[in-house]
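Engineer: Protein sequence lines, in the order shown, are assigned to chains A and B. The UniProt record's numbering applies: residue 1 is where the first sequence begins, and numbers increase by one. The UniProt record's numbering applies: residue 1 is where the second sequence begins, and numbers increase by one.
Note that these hints are calculated values from the structure, not bench results. Even for Gly, the Cβ is constructed at its ideal location relative to N, Cα and C. A portion of the hints provided could be inaccurate.
Pulled a few chain A residues facing chain B out of the computed Cβ check, cut under 8 Å [to be verified]:
1) Ile-28
2) Ser-88
3) Ala-91
No more than 20 Å apart at the CA atoms, straight line, and that leaves these computed lysine to aspartate or glutamate pairs for DMTMM-like [unchecked claim]:
4) Lys-354/B <-> Asp-39/A
5) Lys-5/A <-> Asp-225/A
6) Lys-260/B <-> Glu-48/A
Over the 10 Å line for every Cβ pair with chain B, so calculated as not near, a few chain A residues [claimed, not checked]:
7) Pro-40
8) Asn-84
9) Ser-156
In case you want the letters, here they are:
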Amino acid sequence: METRKFRRVYVWELPVRFFHWINVLSIIILAVTGFIIADPPAILSNKEASDFYWFGTVRFIHFATAYVFFFNMILRIYWSFVGNKFSSWRAFWPFSKKMWHNFLHVIKVDVFLANEKKPDIRDISIGHNSVAAFSYVMLFLLALVQVFTGFGLYSSTASWWLPKMFSWVVPFLGGDFIVRTIHHTTTWLFILFTLIHVYLVFYHDWLEGRGEVSSMFGGYKFVCDERLKKLEEEKEIEKPVDKEELEIIE
Amino acid sequence: MATEKSVKETYYESIIKQGYSRRDFMKFATYIAAYMGLETSMIGQVAKSLENTYRIPVIWEHYQECTCCSESFIRSDHPIVSDIILDKISLDYTLTLMAASGHQAEAAKQATMDKYKGEYILCVEGSVPLGDDGNYCCIAGRSAKDLLIEAAEGAKAIIAWGSCASNGCVQAAYPNPTEATPIHKIIKNKPIIRVPGCPPIGEVMAGIIVHMITFGRLPELDGLGRPKAFYSKRVHDSCYRRPYYDAGLFAETFDDQNAKDGYCLYKVGCRGPMTYNSCGTIKWNNGVSYPIQSGHGCIGCSEEDFWDNGPFYERLTGLAGFGIESTADTIGKVAAGVVAGGLAVHAVAANISKRKELRSRTDRGKQNEKKLDS
């Protein structure tokens with residue numbers, strides 16, 4: 001049986017991993033507190049209102065987390081200009097020929113589960129595959145929708161200039177009704193994204209065994225030698241492999 | 001403002017002639033300044049302006065409406081408002097309240113438009129139907145659209161009274177059979193003050209007019225063209241039940257103990273958190289009460305499309321295109337279920353379709369494991 005050598009490649013740098021997990025946490029907190037704010041649970045108590053402030057606290061957590069979510073997003077945008085090629089904005093740019101070639105490949109092989117007779121080694125993605133990259137662009141747009149509608153709703157009670165910058169959103173869309181509905185509906189789109197995203201990470205990890213899941217913790221993925229050689233030939237990456245790196249033989 | 005001093009009186013002169021005392025006048029100046037959100041030091045300026053300003057001619061048009069704006073205005077808190085500003089001196093044309101009728105009335109309007117071109121204020125109550133050549137609303141044989149464009153031509157500014165003129169209100173609700181259209185969508189070249197509400201609060205209406213008299217210009221407006229002094233806060237932000245909201249104490253139904261205890265009506269559909277108006281502070285009927293104080297949630301009458309954003313007694317509004325009863329949550333739950341089901345099917349299909357790939361990988365893995373053992 002042929003032997004295949006896998007090499008460890010550093011794909012996700014520390015700031016990217018931090019961004020990812022802060023983003024995960026803030027989305028979970030925002031969604032949970034958001035749904036509580038939309039439909040608060042019935043609390044039965046004979047205490048006076050002055051003894052409670054739990055709903056105010058939930059709202060505070062929602063607003064505070066919104067800032068974390070927002071600034072985390074800003075830092076990720078910054079990193080897309082200074083980080084490695086896998087986190088660069090170019091990796092998300094959907095208008096190149098190569099991107100579309102890979103996009104169709106992923107749709108065919110991973111979404112519709114077709115088997116290729118002669119797999120092209122270049123179809124193996126190291127960072128994001130094109131469909132994943134596209135889904136993150138979509139998620140970024142959804143995040144923008146949430147930022148604009150959220151701060152827009154918040155602006156009339158805010159005293160800081162940052163949320164006040166979004167005070168045009170509510171008049172622009174016609175009123176709080178519609179802005180609230182958009183804000184609430186988009187949360188569901190985040191949930192749908194999360195379902196698909198987590199499933200596909202497990203799918204790739206299970207099928208390819210290249211450390212898809214653990215890469216977002218340690219930052220490394222495993223890529224077979226042939227693919228890396230192809231890359232070197234095409235000079236896509238200059239120094240893909242640390243020669244002293246651990247080699248895993250499959 | 002006005003040109004012929006000999007014929008006209010100032011507001012103050014009219015007020016005194018009407019039988020009010022100087023003391024009544026000062027009381028009026030004081031509270032209207034408070035409603036307008038002015039400092040106490042500005043009361044003098046309000047009084048002085050009313051003493052020195054000649055009346056501004058006003059044409060008050062009624063189109064698709066129910067006259068509740070006029071009703072609200074003449075019932076505002078102090079009789080001076082209705083007596084002086086509306087009833088006696090200012091109004092050159094208003095179908096509902098003027099003595100003249102028929103040709104006389106139209107002639108009076110024409111005379112005002114000619115004589116005070118560029119000076120008069122056009123108040124519009126009601127929306128304008130554009131469907132079927134505007135035939136759904138005709139006055140003196142002419143369509144509302146025609147009349148509006150003619151009257152707006154020489155107006156100094158336009159005040160769009162109420163939700164009809166500001167947003168279209170009930171008659172513009174889906175499917176809007178008459179194509180009821182708010183004023184700002186028809187007239188683009190004049191300053192327009194939108195005063196939404198069904199009706200707007202009488203004191204708000206008086207405050208806006210007094211502001212224009214006192215300062216000779218429009219009040220400060222927000223992004224939607226509403227006076228900031230009255231529409232910059234949500235009803236929710238000034239609601240006396242707000243502490244219950246922050247404490248998380250809500251009425252679950254209209255007949256439960258929580259409702260009797262006066263808890264927040266958020267969960268039974270109160271639109272206070274989405275509605276910009278002064279109901280919580282100025283209140284209605286001389287400050288007696290307002291809907292939430294009477295135990296009914298706000299229905300958001302001063303917001304655009306409030307009629308379509310139902311049901312009134314539920315927190316979440318229905319989503320257009322998915323049926324009235326389906327909220328974002330029902331659709332979201334169904335969508336999440338469908339996606340989860342689809343992913344489960346995909347997972348099974350993946351294991352079947354890619355079985356060779358998986359098997360070869362598993363085999364190689366097992367062989368490596370054996371090598372390690374030996």
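Engineer: Give a verdict on every hint.
Structural biologist: Hint-by-hint comparison with the structure:
1. Restraint check, Ile-28/A versus chain B: the minimum CB separation of about 15 Å is more than 8 Å; hint violated.
2. Taking 8 Å as the C-beta cut-off, the interface hint given for Ser-88/A is violated, the closest approach to chain B being about 30 Å.
3. Interface hint status for Ala-91/A: violated, as the beta-carbon distance to the closest one in chain B is roughly 25 Å, over 8 Å.
4. A distance of roughly 44 Å separates the Cα atoms of Lys-354/B and Asp-39/A; the hinted pair therefore is violated under the 20 Å criterion.
5. The suggested pairing of Lys-5/A with Asp-225/A holds, with an alpha-carbon distance near 6 Å, which does not exceed 20 Å.
6. Our distance criterion of 20 Å between C-alpha atoms is met by Lys-260/B and Glu-48/A, whose separation comes to about 14 Å.
7. Not every CB of chain B is more than 10 Å from the CB of Pro-40/A (nearest about 6 Å), against its label as outside the interface.
8. Interface exclusion of Asn-84/A from chain B stands, the closest Cβ pair being 28 Å apart, more than 10 Å.
9. Here Ser-156/A does not stay apart from chain B, with its beta-carbon only about 7 Å from theirs, under the 10 Å limit.
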